[in-house]
Amino acid sequence: MNAVGIVFSNIGDKHVPEITKKRIMATVPFGGRYRLIDFVLSNMTNSGINKIGIIAKRNDQNMIDHIGTGKAWDLARKRGGIRVIQPYGDDSDGIIPIDNRLETLKGIMYYLDKTDEKYVILSDCDMVGNISYADLLHNHIAQNADVSVLYKRSSEYVSWKRTRTLLELDENERIVTVKDSSKAKKGDALFLGTMILQKDFLKRHILKAVHYGYKRLSDYCKEFSADITMKGIEFKEYSEYIDSLESYLKCNLDLLKLAVREDLFRKIYRPIYTSVNDSAPSKYGMNAVVENSIIADGCIINGTVKNSVVFRGVKIKSGATVSNSIVMQDSEIGINATLNHIVTDKNVIIGENRMLCGHQTHPFYIDKGAII
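So for the sequence shown, this note's numbering puts the first residue at 1; every next one is plus one.
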């Protein structure tokens, strides 16, 4: 595929500060065994993209450990492969603010200058979906667009704690308005954090956009729409944008639906890869009850788990009940404890007879290593 992939690894850190306090968005655990970056890396490699640059802050050791050589995604190559890149600029510490996309792209031109591919695919890490970038590139070329933007239609009226980017398109899929909103009505077009454009176009317009003070390429393209053709490409399969603790819980619990699992994981030619951690099978006691849940390897379940996602190495003791919750790696839920709409980070210990309850719109988060 004649495209290089550029991944923003922590552009959405500030949206979920509870979970990203000690990690970046790319390495947020998901679905019992994955990290969020697994989806975009898998989507790119499944589409034939074998040269990927991941934009990161300094000292993102968790991400480096997770990716390794890129072997899990068939990216351990002599030519191409995967590379963690840092955006350099004029700041006193040499690092551009990572939440400014255009400044960031300006700061990685040294990387793009070394690539031979004609097209660039830009993607965030905070969207879960199984996407064929090959199909997107085909549509981009067919539409003769300067910039193509991936979006989905809202299936219902929704509101969010943070604003999201909405697009207004004409009958030819040309984008006529880009705006931020904290709500969307049924049928509104929601930006999914992915853009496709020619590398020469990107290099030509980045300096101009930064000079005029723009932070988003879409805003710049809209302002100069007379000279730039920006079109939308609709994505009709499952996708979820994670920009709050609420959406993080919802997206994980969506995996309990068969249709969602099939959309994400049961595409023969588009599997989702991750680094492998071998563990023993989970052990279930005589009184264990598990209903509609995902249980990773290495767990010991002696209590009740309903409608929840449980990561590796978790211990749920007798009489404990975990419902509508996420329990991350190596946590322990004590005897007769009750959790409902809870997100526990790694290595959390919940004592005996504790009762913790949130709500689907306001889940309760327990920090990494906490003892309650």
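The hints are simulated quantities; they were obtained by calculation from the structure and are not laboratory data. All values derive from a computational prediction rather than experimental measurement. Built from N, CA and C at the ideal position, the CB exists for glycine as well. Check each hint, because a few of them may be wrong.
[As the list claims (entries may be wrong)] In silico DSSO-like links for lysine-lysine, alpha-carbon gap of 27 Å or less:
no.: 1; residue 1: 257; residue 2: 346
no.: 2; residue 1: 106; residue 2: 57
no.: 3; residue 1: 118; residue 2: 71
no.: 4; residue 1: 283; residue 2: 57
no.: 5; residue 1: 346; residue 2: 283
no.: 6; residue 1: 346; residue 2: 57
no.: 7; residue 1: 199; residue 2: 185
no.: 8; residue 1: 22; residue 2: 78
no.: 9; residue 1: 118; residue 2: 250
no.: 10; residue 1: 179; residue 2: 257
[Claimed, not checked] Simulated DEER-style distance windows between Cβ atoms:
no.: 11; residue 1: 261; residue 2: 76; range: 41 to 51 Å
no.: 12; residue 1: 156; residue 2: 258; range: 47 to 57 Å
no.: 13; residue 1: 84; residue 2: 200; range: 35 to 45 Å
no.: 14; residue 1: 138; residue 2: 114; range: 41 to 51 Å
no.: 15; residue 1: 258; residue 2: 207; range: 20 to 30 Å
no.: 16; residue 1: 211; residue 2: 141; range: 37 to 47 Å
no.: 17; residue 1: 359; residue 2: 204; range: 48 to 58 Å
no.: 18; residue 1: 115; residue 2: 212; range: 20 to 30 Å
no.: 19; residue 1: 269; residue 2: 71; range: 16 to 26 Å
no.: 20; residue 1: 357; residue 2: 227; range: 20 to 30 Å
no.: 21; residue 1: 347; residue 2: 229; range: 22 to 32 Å
We went through each hint and held it up to the structure:
For the suggested pair residue 257 and residue 346, the alpha carbons sit about 25 Å apart, so the restraint of at most 27 Å is met. Between the alpha carbons of residue 106 and residue 57 the distance comes to roughly 15 Å, so the proposed pair stays at or under 27 Å and holds. A hinted pair counts as satisfied when its Cα atoms are at most 27 Å apart, and residue 118 with residue 71 qualifies at roughly 25 Å. Taking the CA atoms of residue 283 and residue 57, the gap is about 39 Å. The hint is violated against a cut of 27 Å.
Distance check on the hinted pair: residue 346 and residue 283 sit about 20 Å apart at the alpha-carbon level, within 27 Å; holds. Using a Cα cut-off of 27 Å, the hinted pair residue 346 and residue 57 holds, with the two alpha carbons roughly 23 Å apart. A threshold of 27 Å between alpha carbons decides the hint, and for residue 199 with residue 185 the separation of about 35 Å lies outside it, so the pair is violated. The hinted pair formed by residue 22 and residue 78 fails the criterion: a straight-line CA distance of about 32 Å is larger than 27 Å.
Between residue 118 and residue 250 the CA atoms are separated by roughly 38 Å; this puts the pair beyond 27 Å, and the hint is violated. The hinted pair formed by residue 179 and residue 257 fails the criterion: a straight-line CA distance of about 32 Å is larger than 27 Å. Restraint check, residue 261 to residue 76: a C-beta distance of roughly 28 Å breaks the suggested window 41 to 51 Å. The beta-carbon spacing between residue 156 and residue 258, approximately 21 Å, falls outside the hinted interval of 47 to 57 Å.
Range check, residue 84 to residue 200: about 25 Å between beta-carbon atoms, so the 35 to 45 Å window is missed. Taken as a hint, the range 41 to 51 Å is violated for the pair residue 138 and residue 114, whose Cβ atoms sit roughly 26 Å apart. Our hint of 20 to 30 Å for residue 258 and residue 207 is violated, since their Cβ atoms are close to 49 Å apart. Separated by about 29 Å at the C-beta atoms, residue 211 and residue 141 break the suggested range of 37 to 47 Å.
The hint said 48 to 58 Å for the Cβ distance between residue 359 and residue 204, and at roughly 49 Å that hint holds. Residue 115 and residue 212 have their C-beta atoms about 26 Å apart, which keeps the hinted 20 to 30 Å range intact. At about 20 Å, the beta-carbon gap between residue 269 and residue 71 stays in the expected band of 16 to 26 Å. Restraint check, residue 357 to residue 227: a C-beta distance of roughly 55 Å breaks the suggested window 20 to 30 Å.
The hint said 22 to 32 Å for the Cβ distance between residue 347 and residue 229, and at roughly 51 Å that hint is violated.
In terms of the numbered hints stated before, the structure departs from hints 4, 7, 8, 9, 10, 11, 12, 13, 14, 15, 16, 20, 21, listed from lowest to highest.
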